[in-house]
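Enquirer: Taken in sequence, the protein lines are chains F and Y.
Take 2 as the starting number for the first sequence in the working numbering and just add one per residue.
Take 4 as the starting number for the second sequence in the working numbering and just add one per residue.
Keep in mind that the hints were calculated from the coordinates and are not lab data.
Glycine residues also receive a C-beta, built at the ideal position from the N, C-alpha and C atoms.
A portion of the hints provided could be inaccurate.
What the hints assert, rightly or not - Covered stretches of chain F, going by a simulated chain Y footprint (3 or more residues, C-beta under 8 Å):
hint, stretch
1, 12-25
2, 28-35
3, 38-50
4, 60-70
5, 112-122
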Amino acid sequence: MEKELLVFENLPKGKEFRPITEILTEEKIRNFVQAIGTQNPLHVDKAYAKNSKFGDIVAPPVISYLLFRRSYLADANMPGGGVALKLEFEFLKGAKVNETLITQTKVLDSYEREGKKYVTLEGVTKNAEGEKVFVSRLHTIWPK
Amino acid sequence: MNKRINFDNLKAGNDIPPLYKQMTQEMINRWADAVEDYNPLHVDLEYAKKTKFKSTIAPGPLVICYISEMMNDWLGIGWIEGGKLLNIKLIAPVKPGDKISIRGRIKEKRVMKNEKIVECDVFVQNQDGIKAVVGTAVGLVK
Chain F
2 MEKELLVFEN LPKGKEFRPI TEILTEEKIR NFVQAIGTQN PLHVDKAYAK NSKFGDIVAP
62 PVISYLLFRR SYLADANMPG GGVALKLEFE FLKGAKVNET LITQTKVLDS YEREGKKYVT
122 LEGVTKNAEG EKVFVSRLHT IWPK
Chain Y
4 MNKRINFDNL KAGNDIPPLY KQMTQEMINR WADAVEDYNP LHVDLEYAKK TKFKSTIAPG
64 PLVICYISEM MNDWLGIGWI EGGKLLNIKL IAPVKPGDKI SIRGRIKEKR VMKNEKIVEC
124 DVFVQNQDGI KAVVGTAVGL VK
């Protein structure tokens, strides 16, 4: 079934999306690493990463964007034509291979001004122990 | 890559080791597949030609990833556990073929709660010196 569009009317301030759970498999990390082209050995070299404080490969922290986006688009599609005004990220803990990560997005702000629809979304990603791993924020002019 | 940094030697105005990349449609397509974002402005050449940009453009978050990569290569663990990208603004497009440099400069360093913190101005600019992305990166020196 085609998902509905995520429209402004469905983004009131304070709305919380349902949490999404992802297991960070080695393949997911590898795909993301290839997509951004990093060659940092902490992300690509198992032997090197074994000797780091993490003891295994860790994901590039900007994988937080992917988890964040998936969390607010789990049940709806993004309408085209929006404008990303500002993005912010906080990386708090390394996310290792096979970690379970739970991401939940909340509408931090939502208002109309001079005919434009402004929305700020914040996604918080936690690990299985409930510790914060990433925080991602997107300030946008919402398209519809 | 992320050699040990001596915090005492860091000064405001110091440059972070930059990264250089050339944007290609293939890089954009790989990103689109990874994040499942097939906005035609990024992946459909015919559609994008009719927009004000006259070509496809790279998704902003992909370009922001390069800033994180620069910080990660410089600070290592102090970026992965303690990095922040703040007030990152997308101000001009990056198009396939653009040669971009990813750069940063230390604005301030401070010690808080025994953590050694560096705050940097970061930006991505194209071959014509036009800034595409600007913002602040804060990380830890470990």
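Enquirer: Does each hint fit the structure? Answer for all of them.
Expert: Hints, verified against the model:
For a cut-off of 8 Å, the count of residues in the stretch 12-25 of chain F with a CB near a CB of chain Y stands at 0, and the three-residue condition is violated. Counting residues of the stretch 28-35 of chain F whose beta-carbon sits less than 8 Å from any beta-carbon of chain Y gives 3, enough to reach three: the coverage restraint holds. Residue count for the stretch 38-50 of chain F with a Cβ under 8 Å from a Cβ of chain Y: 5. That meets the three needed, and the coverage hint holds. With a threshold of 8 Å between beta carbons, the proposed coverage of the stretch 60-70 of chain F by chain Y holds, since 6 of its residues qualify and at least three are required.
With 0 residues bearing a CB less than 8 Å from a CB of chain Y, the stretch 112-122 of chain F misses the requirement of three and the coverage assertion fails.
Hint check: violations occur at hints 1 and 5; the rest are consistent with the structure.
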